[in-house]
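Undergrad: Each chain, written out:
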Amino acid sequence: MKPAVLTGEHYITGDVACAEGAIAAGCKFFGAYPITPATEIAEHMAARLPDIGGTFIQMEDEIAAIASILGAAWTGVKSMTATSGPGFSLMMENLGLGVCTETPCVIVNVQRTGPSTGLPTQTGQGDMMQARWGSHGDYELIALAPSSPQDCFYQTIRAFNLSEKYRVPVLVMADEIVGHMSEKVVIPEAKKIQVVDRPKPSGRKDRFHLYEAGPNGVAPMPAIGDGYNVHVTGLTHDERGYPAMTVEAQEEMMTRIKGKIRNNLDDIIETESYKMEDADIVVVSYGVSVRTGLSAVDQARAKGYKVGLLRLITVWPFPEEMIREIAKKVKGFITVEINLGQVHYEVERCAGGDAKAVLVGSAGGKIIHPEKVLACIQEEF
Amino acid sequence: MSTKKAHNQTEIIVTGFGGQGIILAGRILGMAASLVDKKESTLVQAYGPESRGGACNAQVIISDTPIHYPYVNTPKILVAMSQAGYDKFAPFLTPESILLVDQDLVNPEDAVCDSFAIPATRMAENLGNKMMANIIMIGFCTAITGAISADAAQATISTSVPKGTEEKNIKAYSKGYDYGRSTLKGREKRAAGQTGVMA
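So the sequence lines, in the order shown, correspond to chains A and H.
Okay, so the first sequence: first residue is 1 according to our numbering, each after it adds one.
Okay, so the second sequence: first residue is 1001 according to our numbering, each after it adds one.
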């Protein structure tokens, strides 16, 4: 077998880096249906997985693709799928199944411009609220947003680690530009890559309860065939995993599903600050738009504005407390995103009137130019 | 953009028809700068239908400092291998830009900057494969602009072309490089002996 971790320096696209990140994190199953601009992830996984003892399946559609990775996860392997807008829509029902059954898995969305078929080959960040609320019902999950190929590598590893640790589907919300751009990606030695595996049960098999939470609110997860009683259902279920059609069971289940995320925000939320020390204007961004924001911050600083940038690496759960705290100290926020206002409304909500919240958005199709952010800074502040 | 940054950052557009190896040329430039010359470099490329026949382009930024905005604002170097590609990007050229063209395919009559011409496709045909015109162009670009080092160009070409064609491609590269060196020598005396006008 070939080495799973291709230690060294590579000049590769974000899509390929994402696939390599998955492999480095221990992904052994990839089920997907090809779609622009995520196809290269599938192509790369198809080329790589058989050589390292993994399985690649091209499923008949995206509904089956996400179903396949949920099933694979319950056999004990780490699994991933990758898609874009229309495929992401098809995955929404089973995304909820993943949340409800607390199934660790990673779903990559290399975003393009929608709605519907939209601009299939061009970039967008219009699926951010769909990532948060696209499946029916009330729930929590985790969504990360990479800004470069190197970041695609690391965020995919982190997605697997969080997914395993909290038994929750984790979304990697990339976009066409980050997915297709090439930059240097440094892949460290395997032993230097932190890899987290799901908590496994121990103790008497006849007393095992599938959803009995451990200390961090997460229940240990056996694989089917380990000998533990495993009943996996999207119906509201009790601690044993059996359907329980009561409001009490619903409340208990929801408390666990939401609590394991809400009570571990410090571990899950990751942000990065750029020139924030003395900033009184804060550019908030994620994914490829961070690159617009960084460029705009440098240009605005050269003109004497005290501007900094807050990069949301974790977009969901949203860093509410952080925005609330910053809002007390600054004049305002400018959210830069390739949509006409999604994460912006979260920033506005958390700013709570303490600071101004402005959007620099676009209808999609291309990256936002830094000049647009600079103009906003000059007009609004 | 600050003056300092402008000096550190080289923005390159390679353009032509889809199928000429435009993206590969951009990829080799970016990869050579990054992995061999140890600079920062970013490649974004045309991805839609244009990459399969229309005005295809690859945009490469090479810099001493991290690259934020990944698209070219003002091309320092435009490598044009089709008239349509040239017409599309000529408006972005400045007097400080350097234009490199395949002289049999592009007529840069209204160019606002210094331009250098090479019959790259014809030379590739003489070498037995017109698909190597992009590699000849990389040799020419390396000699004229010094955007990447000659060592980096050769090392990267060897690892980027199909197995078994390395020798032929290095030969194509050398043809382009030598043509570029002669072109420079033929220009003003002050340019003689330098690896590139940007050096």
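Keep in mind the hints are simulated off the structure, nothing from the lab.
Keep in mind that the hints are not guaranteed to be accurate.
[Claimed, not checked] Below, computed lysine-lysine pairings styled on DSBU-like, alpha-carbon distance capped at 30 Å:
(1) Lys28(A) to Lys275(A)
(2) Lys356(A) to Lys306(A)
(3) Lys328(A) to Lys356(A)
(4) Lys366(A) to Lys1088(H)
(5) Lys275(A) to Lys1038(H)
(6) Lys1038(H) to Lys366(A)
(7) Lys1038(H) to Lys2(A)
(8) Lys192(A) to Lys1038(H)
(9) Lys2(A) to Lys1163(H)
(10) Lys1163(H) to Lys372(A)
(11) Lys1038(H) to Lys191(A)
[Unchecked claim] With beta-carbon atoms standing in for the labels, derived distance ranges:
(12) Asn1008(H) to Lys329(A): 25 to 35 Å
(13) Gly1186(H) to Gly53(A): 43 to 53 Å
(14) Glu9(A) to Asp1114(H): 30 to 40 Å
(15) Thr117(A) to Gly1146(H): 26 to 36 Å
(16) Arg1187(H) to Lys329(A): 53 to 63 Å
(17) Pro1049(H) to Lys192(A): 17 to 27 Å
(18) Asp197(A) to Phe1092(H): 24 to 34 Å
(19) Arg262(A) to Pro1095(H): 31 to 41 Å
Note that beta-carbon positions come from the ideal geometry of N, C-alpha and C, so glycine has one too.
Undergrad: Hint by hint, say whether it matches the structure.
TA: Going through the hints against the structure:
1. Lys28(A) to Lys275(A): 40 Å, violated
2. Lys356(A) to Lys306(A): Status holds; Cα separation ~15 Å.
3. Lys328(A) to Lys356(A): Measuring from Cα to Cα gives roughly 11 Å; hence the hint holds.
4. Lys366(A) to Lys1088(H): 17 Å, holds
5. Lys275(A) to Lys1038(H): OK: Lys275(A) and Lys1038(H) at ~26 Å, within 30 Å.
6. Lys1038(H) to Lys366(A): 29 Å, holds
7. Lys1038(H) to Lys2(A): Answer holds: Lys1038(H) to Lys2(A) is near 28 Å, not above 30 Å.
8. Lys192(A) to Lys1038(H): With Cα atoms ~23 Å apart, Lys192(A) and Lys1038(H) stay inside 30 Å; holds.
9. Lys2(A) to Lys1163(H): 20 Å, holds
10. Lys1163(H) to Lys372(A): Violated: Lys1163(H) and Lys372(A) sit about 46 Å apart, past 30 Å.
11. Lys1038(H) to Lys191(A): 25 Å, holds
12. Asn1008(H) to Lys329(A): 25 to 35 Å: 33 Å, holds
13. Gly1186(H) to Gly53(A): 43 to 53 Å: Violated - the Cβ-Cβ distance for Gly1186(H) and Gly53(A), about 59 Å, lies outside 43 to 53 Å.
14. Glu9(A) to Asp1114(H): 30 to 40 Å: 34 Å, holds
15. Thr117(A) to Gly1146(H): 26 to 36 Å: Once the Cβ atoms are compared, 45 Å apart, the range 26 to 36 Å for Gly1146(H) and Thr117(A) is violated.
16. Arg1187(H) to Lys329(A): 53 to 63 Å: The hint (53 to 63 Å, Cβ to Cβ) holds, given that Arg1187(H) and Lys329(A) are roughly 58 Å apart.
17. Pro1049(H) to Lys192(A): 17 to 27 Å: 42 Å, violated
18. Asp197(A) to Phe1092(H): 24 to 34 Å: 51 Å, violated
19. Arg262(A) to Pro1095(H): 31 to 41 Å: Violated - the Cβ-Cβ distance for Arg262(A) and Pro1095(H), about 59 Å, lies outside 31 to 41 Å.
Violated hints, in rising order: 1, 10, 13, 15, 17, 18, 19; the structure is consistent with all others.
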